[in-house]
Structure formats: structure tokens, C-alpha cells
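Enquirer: Given the coordinates of chain A, assemble chain B onto it according to the supplied hints.
Protein chains in written order, with our numbering: chain A, 736 to 1095; chain B, 163 to 287.
Hints were generated in silico from the structure; no laboratory data involved.
Ideal Cβ placement from N, Cα and C applies to all residues, glycine included.
Do not take every clue at face value.
Said to hold, decoys possible - Below, a list of computed lysine to aspartate or glutamate pairs in the EDC-like style, where the Cα atoms sit at most 20 Å apart: (1) B:Lys254 <-> A:Glu772; (2) B:Lys211 <-> B:Asp191; (3) A:Lys1056 <-> B:Glu204; (4) A:Lys1056 <-> B:Asp248; (5) A:Lys758 <-> B:Asp191.
As the list claims (entries may be wrong) - These stretches of chain B come out as covered by chain A in the derived footprint (C-beta under 8 Å, 3 or more residues): (6) 192 to 205; (7) 214 to 225.
To be verified - Just the calculated beta-carbon pair ranges, DEER-fashion: (8) A:Leu920 <-> B:Ala244: 34 to 44 Å; (9) A:Asp858 <-> B:Lys287: 29 to 39 Å; (10) B:Lys168 <-> A:Asp877: 51 to 61 Å; (11) B:Lys270 <-> A:Glu783: 21 to 31 Å; (12) A:Asp952 <-> B:His195: 21 to 31 Å; (13) B:Ser246 <-> A:Gly844: 56 to 66 Å; (14) B:His195 <-> A:Gly898: 33 to 43 Å; (15) A:Glu913 <-> B:Ala244: 48 to 58 Å; (16) A:Glu1039 <-> B:Ser246: 25 to 35 Å.
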Amino acid sequence: MTNSVSKLLRTPLYESCVAAGGKMVDFHGWELPVQFEGILAEHKAVRESAGMFDVSHMGRLIMTGSKVHAFLEYTTSNKISDAPGRGTYSHILNENGGVVDDIIAFCAGKDKYLVVVNSATTDKDLDWFAAHNKNFDVKIEDISSHFAMLAVQGPDAIQIAQGIDKHLADLPRFCIKEIVYFGQLCYICRTGYTGEDGVEIMVSPPYAAQMWQFFLDKGVKPCGLGVRDVLRVEAGYLLYGSDVTEKYTSYEADCGWVVKLDKKDFIGKAALVKQKAEGVKIKLTSFKLKGQGVPREGNEVKYEGREIGFLTSGTYSPLFKGIGKGYVVNVLKEGDEVEIISGGRSMRAEVVKSFYKNRV
Amino acid sequence: MYNQEKCKFLKSHEWAFVDGSEAVTGISDHAQHEIGDIVFVELPKVGTKLEAGKRAGVIESVKSASDIYAPVSGEVTAVNTAVSADPGAINKDPHGAGWLYKIKIADKKEIDALLTFEQYKDTLK
Chain A
736 MTNSVSKLLR
746 TPLYESCVAA
756 GGKMVDFHGW
766 ELPVQFEGIL
776 AEHKAVRESA
786 GMFDVSHMGR
796 LIMTGSKVHA
806 FLEYTTSNKI
816 SDAPGRGTYS
826 HILNENGGVV
836 DDIIAFCAGK
846 DKYLVVVNSA
856 TTDKDLDWFA
866 AHNKNFDVKI
876 EDISSHFAML
886 AVQGPDAIQI
896 AQGIDKHLAD
906 LPRFCIKEIV
916 YFGQLCYICR
926 TGYTGEDGVE
936 IMVSPPYAAQ
946 MWQFFLDKGV
956 KPCGLGVRDV
966 LRVEAGYLLY
976 GSDVTEKYTS
986 YEADCGWVVK
996 LDKKDFIGKA
1006 ALVKQKAEGV
1016 KIKLTSFKLK
1026 GQGVPREGNE
1036 VKYEGREIGF
1046 LTSGTYSPLF
1056 KGIGKGYVVN
1066 VLKEGDEVEI
1076 ISGGRSMRAE
1086 VVKSFYKNRV
Chain B
163 MYNQEKCKFL
173 KSHEWAFVDG
183 SEAVTGISDH
193 AQHEIGDIVF
203 VELPKVGTKL
213 EAGKRAGVIE
223 SVKSASDIYA
233 PVSGEVTAVN
243 TAVSADPGAI
253 NKDPHGAGWL
263 YKIKIADKKE
273 IDALLTFEQY
283 KDTLK
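Isolated chain A, as found in the complex (with noise of 0.2 Å):
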């Protein structure tokens, strides 16, 4: 166990959240906390004042070059801003429109893009940038390692984060600003995975403790990775790995609106103009459920008798209870009853379009 443990790796802020209580566990290699006070407490927090956590472990990558707006339009589905400071959500996608990350692209200044990967697909999007950049000729530079990032949410965040940039409420979501704080450049994002206002602050790593010190002393709440599953289930966000990977498309996914099939021509455009002509046949699909008991990923869906597919997230949520979604056969409409099977117990749920209605 030690030695397996001293091999992952640790994030600038691992000493703070230690020192803040927190349950450390191995996720996808990084040290990172699970919970500290408790996954009902965190969450109370993040809905109805503020919370924080450590999401030093993303990937981020600065693209330079002039055409590095053109790079990300063709290795990318959605259309990428190139407003200064604005962010676009979108889907690298391989060849059979199979979905080999979702990013954020922020417009960092001309020719300038911050793109935040996830952790644990930043070698594999390295890889394929690297390989499909022969035309456009951008560089690229990870920077993960360059800054902490750390995530402040709730209703309260804004208001409390005025504290390190005043001008913060001027933000709009989904745009990003440069700001000194320490003397130092830091990236304030105003962007989340909660369904809540907020923030995400990328500091260099020797003032990271620092700045999680100076939410903590603002009575901001850490949190750890167990509510940032449910706050983001409950939000709608969808978990690179298990919601979306290389087996679905963006359109089985549930993400029509990140493909734009005007684009003149990006990675995986043919197969998602085929599949839009042929029809979708398998949905991310979101469900609740009518009675107790706690859905979870792997869970099989059944419907009228028959299984039509099987969960990709579930949890239990403070406020709807038991909730979960999975890839299943797309024949089903809000307000469907389906079966969820967990440990062979049979569940009631029904299809629904959302759960959490986000505050952003």
C-alpha cells in the first residue's frame, strides 16, 4: 500500500487539503481528497453558499500560432470563439465521430488559446493535436504543472472571489481574464461543474496554498471529488470516461449542440452527417427514481421487460434523490418508466430531461 501510495503524483495544494481534513484517494493516478467534512455537508455548501476545490490535477494547454482558431475549428466540433476571454465547450472527436475528450477553448488574446483537457486524456489529446497539426502548424505547450487550479462554487463565490479581483462580477460567464495577484499572473475562469456560479483560479503553484487560505478564512467550504460527482450529475455535466467516451458520438451523447455541421469540414464531421441522416439509435438518457435506493454506473436499464441499456453515472443527490444516466436504446420520452437493476433489486425510475435547474 505505502509504496503504491508515494507514487502518485500530489497537487500544490495537497498540503492544504490534508491540512484541511481531507479523505486522501487515488484518482487516475493524482492524490486527491474525496471528501473532508462529508459529501451532504460539501454539498449543503456549494447550493446555498460557497465551496471550494482542488482541480490542479486538469490538463491545461496553451496553442499558439496564426491559425490556431482553424486548428481547433477542424479537430473540434463546436464552433470556437475567437472573442478575447471567451471560452467554447467543445468535443475532439475521432474519425467515426467517437469522442476523444471534451474541452474548454478559451480565447486567450490573438493567436493565443487556453484549452482546459481532462486529466487523466491530456497524453492522449497531446498525441492527437500533435498528429493532426501538420497543416496548421501551431505550438503547443502543456502547462498543467505551471499553475494550481482551485474552484470556487456556490451562490456566494462571486461576491467572496471579489475579494482577490474586484472587478469580478463584470466577468461573463464562460470567459476567462488575466489578472496580478501575489505578483504573480493568474487565469480567472468563470466556469464550473457544479450548475453554480463561480470561478475557477489558476495560480502559480508556491501561492496556491495561499490563495485556498484565503477562501478558507471567508468560511468558503472545501470540498472533495465525492459531492463533485453529484453536484455535477445533478448539474447535467457529463464525466469524460463514463458519460462520453470513444464508443459514443456526440449525438448519442446528447450533445447536438456542440456539433455544428456548417463548419466547413473538423474531424468526425462525415460520420456525424451520416449518423444525423441514418438517426440516432442509442441515447444519454437521464433518470430518477420513483422510490428508494441508489442508481449507480453499470446498473442495467430495462424497459417493458427488456434491457435496453445500462447506466454511465448514478448517485444518491440531497435534493432528488436517486438519480443516473446511461447510453440506452433511443426510443424512450420524458416521463417513460424504465427499471434500473442494481444487485439484482429492481428500481422505478422514469426518464427526465434535467434535474438541477443550474443557477448560470
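Expert: Showing chain B alone in chain A's frame:
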């Protein structure tokens, strides 16, 4: 209420407190701490005949589902319905208000086979 020093344990973290011909059961403080906020329990019904070491129900936290096992064989004589309504009681007081069910002990010798609190603590090291 059911002092852990006076309980006998399974390695799988269930405890039994012997009270005459009956045993009160629950999960250990270590177990409730490990699984975190408990949100749902499925307990055996009164009258169910359980077998020592076999599945007796399920405890679900936000993070995970854990089967619970019967410490001894016998018939269930009472179930703590209060924890079904408020599963968090198991986290707050695993050796008191968070007890799970009572069982009529079929074979007293099975009690001797269980771990003492000291032995149980050793398994956690």
C-alpha cells in the same frame, strides 16, 4: 448503548451485542466512517431466517453500496425502522441509535467464533 468493547465483530465490520437469547446488530464506527454519509438501508424483515456470514441487507452511502452480513444465524425479531427513515443515524451513533436489527441466536457457539473488539481493531491495522 451497545458499547463497542462489549460487542463481538465480523471482519466485514458488523457487530453483535449479546442480550440474553438475542443479539442486537449494527456496523462498526470504522465502517460508517469509511463509507461516509449513509443515505439508504435495506434491512431484513422480521421473521427472516438469517445464516451467519450470509448477506442480510444493504447499506448505501452517497459513494457506494455495501452488503451487510449476519454475525450469527437465527430469526430476525426486530428491525430498527428509525434508521430506514433517517439513515444518517448510523453515521452519528453506530453503536446506539444506529443499530440495525435484532436476531434470536440459534447457536450460541457462533458467538464465540466472532472477533472481540481488540481482535477486530487488529484487523484494521
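Enquirer: Work down the list of hints and note, for each, if the structure agrees.
Expert: Checked hints:
In summary, the hint linking B:Lys254 to A:Glu772 is supported, as the alpha carbons are separated by about 13 Å, within the 20 Å threshold. Between B:Lys211 and B:Asp191 the CA atoms are separated by roughly 26 Å; this puts the pair beyond 20 Å, and the hint is violated. Proposed proximity of A:Lys1056 and B:Glu204 is supported: the alpha carbons are some 15 Å apart, at most 20 Å. At most 20 Å may separate the alpha-carbon atoms for a hinted pair to count; A:Lys1056 and B:Asp248 meet this at roughly 14 Å.
The straight-line distance between the Cα atoms of A:Lys758 and B:Asp191 is roughly 16 Å, inside the 20 Å bound, and the hint therefore holds. Interface restraint, the stretch 192 to 205 of chain B with chain A: holds (5 residues with C-beta to C-beta distance below 8 Å; minimum three). Look at the stretch 214 to 225 of chain B against chain A: 5 of its residues bring a Cβ nearer than 8 Å to a Cβ of that chain, three or more, so the hint holds. Between A:Leu920 and B:Ala244 the C-beta distance comes to about 56 Å, which lies outside the given range of 34 to 44 Å.
At about 37 Å, the CB distance of A:Asp858 to B:Lys287 agrees with the hint of 29 to 39 Å. As the Cβ distance of B:Lys168 to A:Asp877 is approximately 58 Å, the hint placing it in 51 to 61 Å holds. For the pair B:Lys270 and A:Glu783, the beta carbons lie near 52 Å from each other, so the given range of 21 to 31 Å is not met. Checking the proposed 21 to 31 Å range against A:Asp952 and B:His195 shows it holds: the Cβ atoms sit about 28 Å from each other.
Distance hint for B:Ser246 and A:Gly844: a CB-CB separation of about 58 Å, consistent with the stated range 56 to 66 Å. Between B:His195 and A:Gly898 the beta carbon distance is about 35 Å. The supplied range of 33 to 43 Å therefore holds. One distance hint, 48 to 58 Å for the beta-carbon pair A:Glu913 and B:Ala244, holds here, with the actual separation near 55 Å. Range check, A:Glu1039 to B:Ser246: Cβ separation about 31 Å, and the 25 to 35 Å hint holds.
Figure legend: structure checked against the earlier numbered hints; hints not met, in rising order: 2, 8, 11.
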